[in-house]
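Residue-level listing of the chains:
Protein chains: 2
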Amino acid sequence: MKTTNRVMVSRWRSGESTIEEDQVIVEYPLTIHLNGEELVTLLCTPTSLKELIAGFLLSESFIDDIDEIIELNVEEEAGLATVNTEIKRPLREKLIGRRTITSGCGKGTSFYNAVDQTKAIKIQKSMEIHPSIVLQLMREFNQNSLLFRETGGVHGCALCNSSEILFQEEDIGRHNAMDKLIGRARLEGKELSDKLVLTAGRVSSELLIKAAKQGIPVIASRSAPTELAVRLAQETGITLIGFARGDKLNIYNNFPSTKV
Amino acid sequence: MKTTNRVMVSRWRSGESTIEEDQVIVEYPLTIHLNGEELVTLLCTPTSLKELIAGFLLSESFIDDIDEIIELNVEEEAGLATVNTEIKRPLREKLIGRRTITSGCGKGTSFYNAVDQTKAIKIQKSMEIHPSIVLQLMREFNQNSLLFRETGGVHGCALCNSSEILFQEEDIGRHNAMDKLIGRARLEGKELSDKLVLTAGRVSSELLIKAAKQGIPVIASRSAPTELAVRLAQETGITLIGFARGDKLNIYNNFPSTKV
Numbered sequence: 004m005k006t007t008n009r010v011m012v013s014r015w016r017s018g019e020s021t022i023e024e025d026q027v028i029v030e031y032p033l034t035i036h037l038n039g040e041e042l043v044t045l046l047c048t049p050t051s052l053k054e055l056i057a058g059f060l061l062s063e064s065f066i067d068d069i070d071e072i073i074e075l076n077v078e079e080e081a082g083l084a085t086v087n088t089e090i091k092r093p094l095r096e097k098l099i100g101r102r103t104i105t106s107g108c109g110k111g112t113s114f115y116n117a118v119d120q121t122k123a124i125k126i127q128k129s130m131e132i133h134p135s136i137v138l139q140l141m142r143e144f145n146q147n148s149l150l151f152r153e154t155g156g157v158h159g160c161a162l163c164n165s166s167e168i169l170f171q172e173e174d175i176g177r178h179n180a181m182d183k184l185i186g187r188a189r190l191e192g193k194e195l196s197d198k199l200v201l202t203a204g205r206v207s208s209e210l211l212i213k214a215a216k217q218g219i220p221v222i223a224s225r226s227a228p229t230e231l232a233v234r235l236a237q238e239t240g241i242t243l244i245g246f247a248r249g250d251k252l253n254i255y256n257n258f259p260s261t262k263v
Numbered sequence: 004m005k006t007t008n009r010v011m012v013s014r015w016r017s018g019e020s021t022i023e024e025d026q027v028i029v030e031y032p033l034t035i036h037l038n039g040e041e042l043v044t045l046l047c048t049p050t051s052l053k054e055l056i057a058g059f060l061l062s063e064s065f066i067d068d069i070d071e072i073i074e075l076n077v078e079e080e081a082g083l084a085t086v087n088t089e090i091k092r093p094l095r096e097k098l099i100g101r102r103t104i105t106s107g108c109g110k111g112t113s114f115y116n117a118v119d120q121t122k123a124i125k126i127q128k129s130m131e132i133h134p135s136i137v138l139q140l141m142r143e144f145n146q147n148s149l150l151f152r153e154t155g156g157v158h159g160c161a162l163c164n165s166s167e168i169l170f171q172e173e174d175i176g177r178h179n180a181m182d183k184l185i186g187r188a189r190l191e192g193k194e195l196s197d198k199l200v201l202t203a204g205r206v207s208s209e210l211l212i213k214a215a216k217q218g219i220p221v222i223a224s225r226s227a228p229t230e231l232a233v234r235l236a237q238e239t240g241i242t243l244i245g246f247a248r249g250d251k252l253n254i255y256n257n258f259p260s261t262k263v
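Chains as they are written, first to last, in my numbering: chain A, 4 to 263; chain B, 4 to 263.
Check the hints yourself; a few may be wrong.
Identical copies go unnamed one by one, so any copy, or any two together, can satisfy a pair.
Said to hold, decoys possible - The calculated lysine to aspartate or glutamate pairs, modelled on EDC-like cross-linking and capped at a C-alpha distance of 16 Å, are:
#, residue 1, residue 2
1, Lys251, Glu19
2, Lys53, Asp70
3, Lys251, Glu41
4, Lys251, Asp25
5, Lys216, Glu143
6, Lys251, Glu23
7, Lys193, Glu41
8, Lys128, Asp250
9, Lys193, Glu24
10, Lys91, Glu23
11, Lys53, Glu74
12, Lys5, Asp25
13, Lys193, Asp70
14, Lys125, Glu79
15, Lys128, Glu238
16, Lys251, Asp67
17, Lys251, Glu74
Treat the hints as calculated values from the structure; they're not laboratory data.
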């Protein structure tokens, strides 16, 4: 499906006005039905939809493992997806799941819940990667973010090993981009416990929790982390890097013991 | 409450590493109880909390009018707010409300629902404001965005009349910033049908719907709108301006009939 569409705009430049065509990013509503019941409508960029759905179900704990998905169909034109899973959790759990989703930017839990969620999670082994490699990967990531460069309207995420970008995903939502990355990795059977995730957007607690749930050891962002994300990084042992730009970056935890 | 906190970071710059203090933005979980029941936990910047709650309840249609709020208490340290309203809508409606909230970036409804929601809304009278004034207000807005300049981690919104900024709000969430603006305007008894809203972030359908519900006639953003936001602007008659930077801006609808 198209990720951008043309619209007519009136461009005003230093007092001169012209009517021109412009590219705007598509915002696509995708309604997910899980085991016969309507679950949620995601507003997203219409790429990697199966990956998005798989990642969303994992991140929100509607499934614990990718193999629980028996069927995943997307009717692109209709904006409808149907998913059937092996374990059919009762509606009550789903509703509780829904209640923790905020209007801010994604799934919101109280701090204590956030800590609870990540208490069981400890990154066992960090990843050895030199800051100069992180910055090199970030430069490549920026260059490859085509939709961002075209429209200025999306966030990207990239999955990397210690030397190269394996793939990247983009979406109008920061959290959707991360869910696409997680879903794609799991659908491709990729190990995540030895990978680095690059993100263009800010790192909030929610993004940190998504990564922690998958055992991702390092997150590096072009922009700022929140304090809660820093605290959760300390709790879980995820190495959190921010403001990775040019030849600079900040490491928010895992130092000086960190291998980074 | 503090909006930023100090953390120790390891700064890496061109091969040199130093341990320094850094300011990071606080991500504050605020749990709202409405008429005795837990409604939602918002992850937000701890400023203008009453305004945020009032705006959230209005935007999400838990109340139709600010005067429906009988009581609104915030226990800042505990991160708890209790709200009592005149009209107590049944739980079922609330849960339906919850289900439409997505993990993307805020409240998500399907396109048809989004159109349905705004069908009844038509901006009756646009606002006359010259592009050069919009750009001047945007410059002032950027200069005043202190938390953004300090941390790089927040989004801002400003309410303006045709010549000046009346107030501005910041939050880690784009949608929270808009809800704070709406809540504050309504708590102060301000008319919104003759005002301009400036926003630093992208304009998605959800932001457009929030503005439409309050009859705000013009939104101007420093960054990109989505195509769905453009279509909803056309439906509702809101004048949508994007990429307002320096001496340039794009007007996405209401031209050439627009007074802008």
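For each hint, the structure was consulted:
1. Taking identical chains as interchangeable, the C-alpha atoms of lysine 251 and glutamate 19 lie at most 16 Å apart only when they sit on different chains, with a minimum of 9 Å there against 40 Å within one chain.
2. Taking identical chains as interchangeable, the C-alpha atoms of lysine 53 and aspartate 70 lie at most 16 Å apart only when both belong to the same chain, with a minimum of 14 Å there against 45 Å between chains.
3. In this assembly of identical chains, lysine 251 and glutamate 41 lie within 16 Å of each other by CA distance neither inside one copy nor across copies; the values are 45 Å within and 43 Å between.
4. Taking the shortest alpha-carbon separations for lysine 251 and aspartate 25, only the inter-copy value of 14 Å comes in at or below 16 Å, while the best intra-copy value is 35 Å.
5. Proximity of lysine 216 and glutamate 143 under a CA criterion of 16 Å is satisfied in neither setting, with 27 Å inside one chain copy and 42 Å between copies.
6. Proximity of lysine 251 and glutamate 23 under a CA criterion of 16 Å is satisfied inter-copy only: 14 Å between copies versus 39 Å inside one chain copy.
7. For a Cα distance limit of 16 Å, the shortest separation of lysine 193 from glutamate 41 qualifies neither inside one copy, at 29 Å, nor across copies, at 39 Å.
8. Proximity of lysine 128 and aspartate 250 under a CA criterion of 16 Å is satisfied in neither setting, with 26 Å inside one chain copy and 51 Å between copies.
9. Proximity of lysine 193 to glutamate 24 under the C-alpha cut-off of 16 Å is found in neither arrangement, the shortest distances being 41 Å within a copy and 37 Å between copies.
10. When the C-alpha separation of lysine 91 and glutamate 23 is checked against a cutoff of 16 Å, the pair qualifies neither within a copy, at 51 Å, nor between copies, at 49 Å.
11. Proximity of lysine 53 to glutamate 74 under the C-alpha cut-off of 16 Å is restricted to the intra-copy arrangement: shortest distance 11 Å within a copy versus 45 Å between copies.
12. In this homomeric assembly, lysine 5 and aspartate 25 come within 16 Å of each other (Cα to Cα) only inside a single copy, at 15 Å, whereas the closest approach across copies is 42 Å.
13. For the identical chains of this complex, lysine 193 and aspartate 70 are intra-copy neighbours only, at 13 Å inside a copy versus 54 Å across copies, given an alpha-carbon limit of 16 Å.
14. Proximity of lysine 125 to glutamate 79 under the C-alpha cut-off of 16 Å is found in neither arrangement, the shortest distances being 38 Å within a copy and 31 Å between copies.
15. Taking the shortest alpha-carbon separations for lysine 128 and glutamate 238, only the intra-copy value of 14 Å comes in at or below 16 Å, while the best inter-copy value is 53 Å.
16. For a Cα distance limit of 16 Å, the shortest separation of lysine 251 from aspartate 67 qualifies neither inside one copy, at 37 Å, nor across copies, at 49 Å.
17. Taking the shortest Cα distances, lysine 251 and glutamate 74 never come within 16 Å of each other, neither inside one copy (45 Å) nor across copies (49 Å).
In this structure, the earlier hints numbered 3, 5, 7, 8, 9, 10, 14, 16 and 17 are contradicted, and the remaining ones agree with it.
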